[in-house]
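Asker: Using the sequences plus the hints, can you model the full thing?
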Amino acid sequence: MHFVCAKCEKPFLGTRHYEKKGLAYCELHFYQLFGNVCFKCGQVITGDVFQALQKAWCIKCFACTLCDKKMDQKSKFYELDMKPVCKRCYDKMPNELRKRLSNYYKNSLKQPLQQTPTNESTMKNGSGENTVIGILPVSGYTVNYIDEFRTISLRLISGDEFLVLNSATKQLILIQALDRETKGSKIEAVVECSSILADDDFQVNITVYINIKDVNDNPPKFPSDVLRIQVNEELPISSVIYSSLKAFDADSSGPNSEISYYTVMNSSNHEDNGQPRLNSTILFIVDVVDIDDQNPKFEYDQYSVTMNFSQTNNTLTVLPKPIKASDQDTLNSSIFYTLSGVHSDKFRINRDDGKLSSDHVFKRTDFFLLTIHAAQTDKPERQATAVLVVKSNLSTNLLFSDSKYSVNVKETARIGQEIFKIEVIEENSNGKLRFLLDDASGKFIVEEKTGVVRLKQNLDYEHRKNYNLSCRVSNGLDVAVVSLEIHVQDVNESPPKFELDEYIFKPWSTEDGSFVGHVRATDLDTDDKITYQLIDSTKIFRLNETGAIFIGNGSSIRNTSYLIVIYAADNGRPSKSSRCKIFVGVQFLWLCS
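The sequence shown begins at 1 in full-length UniProt numbering and counts up one residue at a time.
Relax, there's no trap hidden among the hints.
Under the rule of at most 27 Å between Cα atoms (straight-line distance), these lysine-lysine pairs were calculated in the BS3-like manner: (1) Lys355 - Lys391; (2) Lys456 - Lys297; (3) Lys60 - Lys87; (4) Lys20 - Lys10; (5) Lys74 - Lys60; (6) Lys410 - Lys529; (7) Lys297 - Lys379; (8) Lys404 - Lys443; (9) Lys297 - Lys410; (10) Lys186 - Lys221; (11) Lys421 - Lys449; (12) Lys324 - Lys404; (13) Lys363 - Lys346; (14) Lys432 - Lys391.
Across the chosen pairs, the derived CB separations fall in these ranges: (15) Ser244 - Glu499: 20 to 26 Å; (16) Gln383 - Asn458: 24 to 30 Å; (17) Ser333 - Phe248: 40 to 46 Å; (18) Thr531 - Gln383: 39 to 45 Å; (19) Lys20 - Ser556: 44 to 50 Å; (20) Glu188 - Ser224: 36 to 42 Å; (21) Gln383 - Glu462: 22 to 28 Å.
No lab work stands behind these hints, which were simulated from the structure alone. In this text, all values refer to a predicted model and were calculated from it rather than measured experimentally. The C-beta atom is built at its ideal place from N, Cα and C for all residues, glycine as well.
Answerer: Below, the structure written as structure tokens:
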């Protein structure tokens, strides 16, 4: 004999109770723990449950109260004193009796309960239909197979667009899926609870508030799948090329709708910071627009013409090839040619094609050093120059050891340092050689008597890499010209430099692969390639080749903050490097977990 409920330990004191698996339960907790009890036979329903006339029935007991014919879930029935009447019996009734019957109902089938109901009043966004969201905490009996024990009536008077009330079990059941973004953050329902006892007029309205908890069920979205922009090629590094790239997240304000952006191979990626993280990508196409930012360029830096001293009115043959310059931009602007220099008036150059002619009568000692100009027709300020050497075909006693010289000079060379010495072989030397250097840049100078070329101004590889000069030598009778190419060699002068010395990052997740932050270093030396190295004794974080930091082993996180160091090194000789400190705070994540 049992005297107290195995769940609440309250004594029965003559009230109805049930037994299951050797334990006794009061009616309230028996319903909560084991589901429905058949209205007719009083047994716990372990199979399908019929819900009809605010009562629960097992399949074998749901029958017409007049003819005892069993009905299934497709049967139509009428209500007579809260009991079912089949349609056949209804049709045989006299009209006076039919008026007492309510309109027919279609029987409803409900699956047996699979889990214990809960009093949870906060539901997750996206909760589906037929979910039990709570049990009304009221005392009294609503359904019994002996009507004399029924003490209260429960009726849902508002909120029926979202909920139904099972009066037998006092359960509130969801009838449509929840969506915080479209239906709001709260559902309000009102249940009327009233006494049905003859000597008790008690009645109260119970207001039930159901808070909808947001879950990350909406991925962020871009307005389109593809974005295409144009960028001028002249923009410097770190220029902002687009500032309106924005994705939208339909989730409610908070971590689920906060969006992080980063780039991946061939596309731009964005993800929100909810759990689980949702992401999407956009194809970001950047068309580089060629602008007129380069000067024309000659095919050769120096041209030469050799003439007979008696030659007149001839189109001159230019070596090594006819004069020609072209626009280095893809715009391919048209070019026009002009000449300058002492005695340039003795020659004519075709403005359009660069062909050279002269009506000058050359003498044996004539030697002309002219400058050819090639300028863009639309932008004359865009121009290039080349050297034109004009001499007679008579033999000279002046010979160079080479027809063209090439010299390499480090950009750190000191002013006044000897770069090269021009050697001249002279037959019948009189020891009176004079050297003259043609250098428009002003970076170099030649000693007039010795032919030693020295540095006049500092060099900078990042500013200019090559210089093409011409040197003229004369012994007072003969003149000779030689070309000199000077190539500036890069020296690793600058180490990589981070944008900040210290960074502070607070990732939204500790899951493996979660984005932590991004660091970037730049190098003032041209063509230097930067590589990054992560110093992390915990092995929690990982670093990719672009400087992006990710969670590599989130399961090892035990502290609220971490200090890691990143080195950036260039590929110069010798290599130079710098470092920055990274403070990663995960305290917020621990508080939210």
